[in-house]
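Visitor: Respectively, the protein sequence lines represent chains A and E. Quick note on this note's numbering: the first sequence kicks off at 1 and runs consecutively. Quick note on this note's numbering: the second sequence kicks off at 1 and runs consecutively.
Hints were generated in silico from the structure; no laboratory data involved. Quick caveat, the model's predicted, so the values are computed rather than measured. Don't be surprised by glycine CBs; every beta carbon is placed ideally from N, CA and C. Each hint should be verified, as a subset may be incorrect.
Cβ pair distances, simulated, as ranges [as the list claims (entries may be wrong)]:
hint, chain 1, residue 1, chain 2, residue 2, range
1, E, T246, A, I77, 35 to 43 Å
2, A, K63, E, E229, 34 to 42 Å
3, A, I92, E, F55, 35 to 43 Å
4, E, E114, A, P79, 45 to 53 Å
5, E, F55, A, R26, 52 to 60 Å
6, E, N57, A, K119, 34 to 42 Å
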Amino acid sequence: MADKNYSILIVDDDPEFHQQVRYAFRRHYTFEGAVSPEHLEKKLIENSKFDLLLMDLVLDETKKKIGLELISKVSKIYPEIPIIVVTSDKRIETVVEAMRLGARDFLTKGDYEFEFWKKKFEEVIESNQLKTENIKLKAEVKKHRAQENKDYLFVGESPKVKEIKRVLKLVADEPEITVLLLGETGVGKEVAARYMHRHGSRKDKPYQAINLSAIQDTLLESTLFGHKKGAFTGATKDMEGFFHQADGGILLLDEIGDIDSNIQIKLLRFLETKLIRPVGSEKDIKLDVQIITATHRNLAEEVQKGTFRSDLFQRLKAMTVEIPPLRERKDDIELIMEHFIDQSPREVMSSEAIKHLIDYNWVGNIRELKNTLNYMILRKKIMGTPMMDANCLPVEILNYSPLPETQPTTNDFGGGTLVDAPPLVTPGSVSIDEEHALLDLQRIEAALIHKNKVKKDVALELGFENTDNLRYRIKKYFEKHPHLFRKFPIISSSYKKVVKFD
Amino acid sequence: MSKIFIISNHPELAATLESKFSALGRPVQKFSLPLKNEVPEIGQDDVLVIQEPIFINNNYLSASFSWKNYLKLHSPRAVLLSAGFGNLQDANYLDLLKLPADIEETFFQARMAEEEWIPCTTGGIDVQEKIFRFFEGHGDESVTDELHKMLRICKIARDELKIHEADFTEVRNELLLPNKLSHKWNVLQSRWQFYMPYFECLPYYQDFATLGSLFKTIAPFFANECSEESIFWETQCVENLERLKTGLEKIENSYGR
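Only chain E is shown next, with the shape it has when bound in the complex:
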């Protein structure tokens, strides 16, 4: 029998919906955000009801669109319903102030994730838009753009030191400092920290969190204006930035376009 999943940060609302759906005789599972180690395992023909907008980290976020993309990839026949207090009419919208008498009929009429439709929003910040900005190749808000610049500079430095046996001080003076590598690191970090609170409502937030742990490993090299060659090698700067890049590309290819 297909399951019903509820994602809501409002405990009372979640409890009301749970009781309503349980009456249908189906298994019901509740989740609250952020999704740390537990991600709902939504199968084909299951139903996901997500609160719209959802309050997290002092922001009202609209995550329905991102979840639809996620379901389209992993459970295309699953049904996504946005549940909010707005007075909206849509096959995939559940008006919490006027819950339908025949919930099963609503589930039946709703479109599946694989179909072409745009989820209703009720004024929350569009998380998918943040995802686009995060990955955008050429822009002041892009994380990957800054990461690519840093990685390129670090690779040039690595080649100079390793292949041409250049003196580190020279490389630092001629490449790292003029290209403001430490500053770029700060920008990268601050942009990362800016986006992560928005991504906590995403089913793949854990992937971001794992990649984020690489920051701690690399940070020491950039701390003192990139002054120590030994730390450059110890922290495996190029390799870790490359891991970060590859990990982000994987997320972008799946959900970022």
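Isolated chain A (complex conformation):
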């Protein structure tokens, strides 16, 4: 029985040699044969799936080494088929020439030994398979990365975005610096992180991103730092964590404000020593990873409250970049829309609809804009209209009335923000902040009704990454503007743990 059913093509003008090799290896491989260059060409056209080609160099009475020419041709047209030269000529210059032209190995007919030849066949076939797989994998990674680059394109030409891009490029060339990205949910912090990866010295190295709030606390340490087999129940084998997988490259730790004190200490240790220790291991591992962190929280406040380590915060905020909310970069809205729908909005959308979209406050930022566009495309199909007009807009955008004068908001994160937004200004008795909160709560209330209070669906509809983020948003509004919640009974009853009236 054949143990590895490799298919081998013999190219030799001596029919007896074909018969001998087939006979000797009949239990192991299947064979086909060619006795001339023409015959070889025909065989390869019929079937190019051979695992190996055994090539003699002299193929006719002229005694010219036409096999050398064939090696060159076959290697170019069928690079996936490895070639072993099997000939009577064992002169060094012949071997060198054959290898130079593309042969993988060389056997002399006079030195036949079954085990030696079998080992050679399998070494060449298996190393070729590895090589082919490696090429395929590299191509897939390249394709995947190209797609990711397209998906995570940092779109925007507004002065703020241009400045952020400039800063990110500068930081990208300083691979030892830790970067803290700040901004509301949905502003594109991961897009910014990937932009930095693409433009830095680590662009050909791994990029890993993890949303820390999405991982259970009990699993977070092992997810980040890996674990040894038997470290805990269910750890059936060694596993590399995100840090290890990002070795040489960049790791984005999103929602850094949500990690507990244990992980904070370990992250601080890594930042100071570049060492990690997998769960259950007794050995430290040295890694070379550039860390980018991101959060929508006010870390300075968290430090004040004692939930975030001051020393870690000092390390993280060394280079802080704030990504502005979409409402503060309205110039970019049309460009971002073009990126998502792959054509100019003016070609597929009415001017009125575009105006509504530009005027809207986008509390869910770019993620909300993307969801809105998907919704509009669907509405257009349902309505059968040639263009996306105002009727395709979600009700809250259609009914939204912009304030006559808007001021951007910012967080006081206490760090060396490179791209600073102007400080919050409260005009009159109602702040813009409160105005936004009110509008946002209206949306949430409407969505809760619409989705029968299924919070997961509400979060999805409103463009939140998960229900925790939605809950967090409500909690923050309640802390700042509790009086507003009297107007939203559905929110209040659905989030009793967060909305606690005295």
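Given the structure of chain A, go ahead and fit chain E onto it with the hints provided.
Guide: Frame of chain A; chain E shown alone:
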């Protein structure tokens, strides 16, 4: 004092040269071909004068080139002179019809074996060319090509019988007969016999002769179309063919390239 060696199958000529060289006051040794058990022990600075062409086994052979290769390997500073009746002008040629008056000067002017030069020939069959043909890997005149084919077939048969415990009749019918092993044996033998007369003029002829004795040992297996398994094992077919191959490779590596 350096010696002078004479290789010639012409007794009178050899005697004339011996007397001429002896007059120089140097020790002189004569050899005739074939060189059976006695090979001239030519040292550095010695002189070898070889008849060109030399008549042996009904052939006029030109052995100077092969001897030069041999000396280059074993006594690179020795001097080789071809001695013939052709009217040739060369520092390493001795015209027997016009022997120089100052022989010592001729020896002094001649190039050493290690230098790059081609010995003069005077119409004899080039023995070195026969050596090349004998060893050539891919050709109808090659002995090693035929030997390699036989050895490969015998090794496959051995593995089938020993490792896979195959039935000998099956191996014979499926491998030995289709590959005409007995015929190959005959071809190998006849080619061997064809070349040996040419090689009798070589200093390493004895190496060929020793290897040739292996033929007698192996022959019985091939005699009756390879019909007896017991003889295959008794004659140690694979091992002896392997010995033959290894011995020939040794000669080829030294003098055949």
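Visitor: Work down the list of hints and note, for each, if the structure agrees.
Guide: Against the structure, the hints:
1. T246(E) <-> I77(A): 35 to 43 Å: Hint holds: Cβ distance 40 Å, inside 35 to 43 Å.
2. K63(A) <-> E229(E): 34 to 42 Å: 37 Å, holds
3. I92(A) <-> F55(E): 35 to 43 Å: For I92(A) and F55(E) the Cβ distance comes to about 39 Å; the hint holds.
4. E114(E) <-> P79(A): 45 to 53 Å: For P79(A) against E114(E), whose Cβ atoms are near 48 Å apart, the range 45 to 53 Å holds.
5. F55(E) <-> R26(A): 52 to 60 Å: With Cβ atoms ~54 Å apart, the hint holds.
6. N57(E) <-> K119(A): 34 to 42 Å: At 47 Å between Cβs, range violated.
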